[in-house]
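Taken in order, these protein sequences are the chains called F and H. Counting in our numbering, the first sequence tops out at residue 234, every number present. Counting in our numbering, the second sequence tops out at residue 234, every number present.
Think of the hints as simulated: they come from the structure by calculation, not from any bench. Heads up, some of the hints might be wrong.
The list treats identical chains as one, so a pair stands whether inside a single copy or across any two.
[Stated by the list, open to error] Here are the simulated SDA-like cross-link-like pairs (lysine to any residue), alpha carbons at most 25 Å apart as the crow flies:
1) Lys208 to Asp63
2) Lys208 to Ala117
3) Lys208 to Ala166
4) Lys208 to Asp228
5) Lys208 to Glu93
6) Lys208 to Asp151
7) Lys208 to Ser104
8) Lys208 to Thr90
9) Lys208 to Glu45
10) Lys208 to Arg157
11) Lys208 to Pro41
12) Lys208 to His42
13) Lys208 to Glu40
14) Lys208 to Glu113
15) Lys208 to Ala106
16) Lys208 to Pro107
17) Lys208 to Gly134
One letter stands for each residue in the lines below.
Number of protein chains: 2
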Amino acid sequence: MTDQPAPETSTAPRLVVLDVNETLSDLSPLRQAFSDVGLEPHETEAWFAGVLRDGFALTVLGDNPAFADLAADGVRARVRAAHPDRGEQTVDEAADRVLSTFTSLAPHPDVVEGLRALAGLGCRIVTLSNGSAGVARALLGETGAGPVIEDYLSVERAGVWKPAAAAYRYALEQTGVEARHAMLVAVHPWDVEGARRAGLRTTWVNRKDASYPSFLTPPELDVASLTDLAARFG
Amino acid sequence: MTDQPAPETSTAPRLVVLDVNETLSDLSPLRQAFSDVGLEPHETEAWFAGVLRDGFALTVLGDNPAFADLAADGVRARVRAAHPDRGEQTVDEAADRVLSTFTSLAPHPDVVEGLRALAGLGCRIVTLSNGSAGVARALLGETGAGPVIEDYLSVERAGVWKPAAAAYRYALEQTGVEARHAMLVAVHPWDVEGARRAGLRTTWVNRKDASYPSFLTPPELDVASLTDLAARFG
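Bound-form chain F, shown alone (with noise of 0.2 Å):
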């Protein structure tokens, strides 16, 4: 992928909208939670396309489902089927310890250094996730970053999950900022999309320098990582 060369291009959003899950978190240490519950270290990457795969599905027809009971109970289900002979305390209790683990990650190395970065450069900045504020809270709240971040909002309040409209409204009604001077920031290109077309600036965050999807627009910018971005309007 390369840039897209556009006239904003060189200008920071007034705000930055980032996605939580995978975007600013590493998911890696979800592998060893499954090793450690009896399940396919491999398993984690279907399980998370899987509660998304839900999630969606249920947005289609009208509902706001809790994150959390999506990937619990995909959780449950893996442990059931691998394990069939496990009470169900146990699987609860496997559930239980995956869930902790995403509650508790790390965010990507170049996270606190790239939002320090675009706050110095005058953005203002929120997080929007399809997941709760509080997980958002406990990734960022306690490290360099947490200063800079001026709100953690969820999903949970917009009354939809992204890639909706409505969801990118919401975190445009609380800031009070116009699409066009907004920018979503996030790994996934399903969000990358629903925020371009309710009008917001967009960029693709491609660490693993992945190829964007053929069937979709480009996003405006894509960065190898969060410094990476703050580069760009520097």
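Chain H: place on chain F using the hints.
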């Protein structure tokens, strides 16, 4: 899971609406296809969940994407990630190889006998897939179930993917059957849930003795195979 006792449970529906991918088709040969193109066999699960995740995300945004486009793009992205040295021609060939396998799968062992038994009970039968009608036709057309399939329907003509209500309504309109006389039969809980909300009767096909998601309303019937389903009405 136990079946929900309900007056309708023992009455065969006038119309059976069958999901196709994984409900009728055995996806296990995809593991070999993934291996053949240099991917891990276990990646098939995350890939398939990701195709549905992205399809549902686009459904939330009002789109009606082609299943095969998302499926092929997902394979290409994985091959590029695993083998950055490969050229795009090789990447395309890998996608072709996997998609070719996907469109030439065989039905599960219970499918032909089960569908013939359902037809013998007086049920009309159609398929309704988020993929193309051609995949379902190729799967069943030349089997002993071919003569009992009234039509192969796809969301391509419905205008929207399942689990949106309009997808199920399309099947009802095409067949002239009221929702309460139709039963959606699928392995995927999100499909069962969508049909339930659209007013159809529902059967969850649970070949692996899995647990139904706790965050969804249980289906009317829970069967281990299509022959099991027919036996419930016998």
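So, going through the hints one by one against the coordinates:
1. Lys208 to Asp63: neither (33 Å within a copy, 28 Å between copies)
2. Lys208 to Ala117: For lysine 208 and alanine 117, the Cα distance is within 25 Å only inside one copy (22 Å; across copies 51 Å).
3. Lys208 to Ala166: neither (30 Å within a copy, 38 Å between copies)
4. Lys208 to Asp228: within (14 Å within a copy, 46 Å between copies)
5. Lys208 to Glu93: between (33 Å within a copy, 23 Å between copies)
6. Lys208 to Asp151: neither (28 Å within a copy, 44 Å between copies)
7. Lys208 to Ser104: within (23 Å within a copy, 33 Å between copies)
8. Lys208 to Thr90: Answer is between; shortest inter-copy Cα gap is 20 Å, intra-copy 35 Å.
9. Lys208 to Glu45: both (15 Å within a copy, 21 Å between copies)
10. Lys208 to Arg157: Neither, since 32 Å and 37 Å both go past 25 Å.
11. Lys208 to Pro41: Intra 19 Å, inter 21 Å, cutoff 25 Å: intra and inter.
12. Lys208 to His42: Both, since 17 Å and 20 Å are each at most 25 Å.
13. Lys208 to Glu40: Close inside one copy (22 Å) and across copies (18 Å); limit 25 Å.
14. Lys208 to Glu113: within (19 Å within a copy, 47 Å between copies)
15. Lys208 to Ala106: Intra 18 Å, inter 36 Å, cutoff 25 Å: intra-copy only.
16. Lys208 to Pro107: within (16 Å within a copy, 37 Å between copies)
17. Lys208 to Gly134: neither (27 Å within a copy, 36 Å between copies)
Hints 1, 3, 6, 10, 17, counting from the list given before, are not met by this structure.
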